[in-house]
Amino acid sequence: MIVDIKAKILENRFISGKTWLMRLEAPGIAKYSKPAQFIMVKPTTEESFDPLLRRAFAIADVVGDEVVLYYDIHGRGTKVLSERKSGEYIDVLGPLGKQLFPEDYNSYILVGGGIGFAGLSFLMKYLREKGKKFVSLYGARTKEDLSMIEWIKENGFDVIYYTDDGSFGRKGLITQDLESIIEENPGSALAVCGPTPMMKAVAKIAKQKNVPCYLSLETKMACGIGICIGCVVKDIQSDNYVRVCYEGPVFEASEIEF
Amino acid sequence: MEKELLSYELFGMEFKNPIWTASGTFSYGLEVAELYDLSELGAVVVKGLSLKPRKGNMPQRIVETPAGMLNSIGLQNPGVEYFIENILPKLRKYDTKIIANVFGENEEEYIAVSEILDKAEGVHGLELNVSCPNVKKGGIAFGSDPQVLYDLVYKIKKVTKKPLLVKLSPNVTNILDTADACVSANADGLVLINTLLGVAIDVEREKPILSTITGGLSGPAILPIAVRMIWQVYSKYGSKVPIIGVGGITTIQDALQHFLAGAIQIQVGTANFYDPYSPLKIKECLIKHLRKKGYDHFTKLVGKAHQMIIK
Ligand SMILES: Cc1cc2nc3c(=O)[nH]c(=O)nc-3n(C[C@H](O)[C@H](O)[C@H](O)COP(=O)(O)OP(=O)(O)OC[C@H]3O[C@@H](n4cnc5c(N)ncnc54)[C@H](O)[C@@H]3O)c2cc1C
Ligand SMILES: Cc1cc2nc3c(=O)[nH]c(=O)nc-3n(C[C@H](O)[C@H](O)[C@H](O)COP(=O)(O)O)c2cc1C
Ligand code: FES
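The listed protein sequences derive, respectively, from chains B and Z.
For the first sequence, our numbering assigns the number 1 to the initial residue and increments by one for each residue that follows.
For the second sequence, our numbering assigns the number 1 to the initial residue and increments by one for each residue that follows.
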């Protein structure tokens, strides 16, 4: 069920690089959230409509009644968001997204680039709970941008890290060992979230290796609830544009043009 | 209480309240029906319908701008037949009026879609979107040439008994020219206004942001333009021609401006995107406002701001 609530900000703090963490008291959303779902957040206070539109953020984690977001400061909306204080209330609509990661594989390879890792972290918890096998890869430009390291450690996960500059983990691109990781984990599905060039590179390898590759997409959204038809990608089979917020956000890579 | 204050008979039917949702900002209603009961609304104007399905434009289709947004969705829709067979049966279960927004690439298409919708059970009225380029007339919008518009409205009036509203484009020099054309052709009402043409440029990549370069501007930024155009048309026709106000309405204050300028019903558009509950909030606030002012019906507000001026 989708709810529109005023959530209490429990914490809103800088983590590293461009990333901030926001914890929200949102029982109505927390209870029904699943991995790959997101919420639409109104960055401003009630009276202000500037900037106008709500911003989409992945549900990075759910802890009891709390919904946790990891967000990068990108433009005006996220700047305003970072200025909100704990104790304040903020308008959030969710959980949103209908087509999520399929649950019927026995094992998964998670590939998260930059802040896109926040679109996979909740899935890690979920898979562990379900007793499924998974390998997680997390890449970014530099160590500061691997802003979920702390969360990963606290939650006791093993992750293979990559940085472009070698400041943490393996030096190079997240895709460099992917072929061998796929070979070492037969029967796995890929679950991917990150910048488009990275997702394209991963999808290409998945195709070569003939493994299923599920992408959690983040297109520009005005509404997040299926009414503006702005957030579309091309569905290859029907040759029609489909809404990422409503028909997605997860799509099998070979089914869409992105 | 709500009924006493807000219901109104128009085009021979009763609108339970004057708050509608605007075409293209509410899909076909069913997504929002997951959030609240559509029977709360005076009317739902569905996303524009054409004779054949349309794929719409390539992304990027939307961009936020100061106090507004530009869109170039490209009128993506599954076609009028699909709408009638697969969507309308679900939508007409709600106790609200359903207004079908119609467009075409040429006159024949407009007429064909209107004929089909005239027969569709549960469609209470038609709203013509005349902001589309007329392919046969070198791509000039139907809504910017009074003669072309007159012919179009006149011909469609002949194929439908349902109320025919014409949604005017603000991208004209004088809104009265096109309003006059519609009134002469016996349109039942005017809907003011559609989006304004705009361009937004990405200064890093040094190119336009939308795939189509231009897009339609909507949201709070266009409120005073909508109010001005309603004002002009109401000044000329008073209550003789029903005006449906749309453009920039987010709050009760915005809605009140539309009513005071002369709108008899209003539509909430872009506000649905950042607050899908805004039509309901406006309705609640309207009731409170009427009580505060001691008015027994919302029509007491309509055109009231003109009273100082018109003798
Ligand atoms: C389903 C989904 C989940 C997301 N999850 C996260 C997350 O967990 N953490 C995070 O940091 N970011 C996430 N994003 C991206 C985030 O929504 C944008 O970074 C944010 O909206 C930027 O807003 P701004 O005002 O700072 O930037 P501006 O550039 O000022 O924003 C202008 C407009 O463009 C949109 N926009 C800008 N960049 C993006 C983008 N990359 N993706 C989508 N819309 C964008 C904004 O929503 C706004 O409407 C997600 C996006 C989607 C669609
Ligand atoms: C994304 C989007 C799609 C729209 N699609 C249509 C449409 O199909 N037909 C139409 O007549 N108007 C369409 N409009 C115009 C709106 O119905 C409305 O006239 C306009 O947005 C101004 O109102 P607002 O400022 O409240 O949004 C669209 C507007 C937006 C923002
Ligand atoms: S964001 Fe509006 S339809 Fe997806």
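Because the hints were derived from the structure by calculation, they are not lab data.
All values reported here derive from a predicted model rather than from experimental measurement.
Glycine is no exception: its CB is placed at the ideal position from the N, C-alpha and C atoms.
Among the clues, some could well be false.
Partial list, derived from the structure: chain B residues whose beta carbon lies under 7 Å from chain Z [said to hold, decoys possible]:
no., residue
1, 53
2, 220
3, 228
4, 232
5, 251
For each hint, the structure was consulted:
Hint status for residue 53/B: holds, given a least beta-carbon distance of 5 Å to chain Z, under 7 Å. Taking 7 Å as the C-beta contact cut-off toward chain Z, the hint placing residue 220/B at the interface holds, the least distance being around 6 Å. Annotation: interface hint on residue 228/B holds; nearest CB of chain Z at approximately 5 Å, less than 7 Å. The interface hint given for residue 232/B holds, since its Cβ lies 6 Å from the closest Cβ of chain Z, which is under the 7 Å cut-off.
Interface hint status for residue 251/B: violated, as the beta-carbon distance to the closest one in chain Z is roughly 14 Å, over 7 Å.
In summary, the structure is inconsistent with hint 5 from the numbered list given earlier, while agreeing with all the others.
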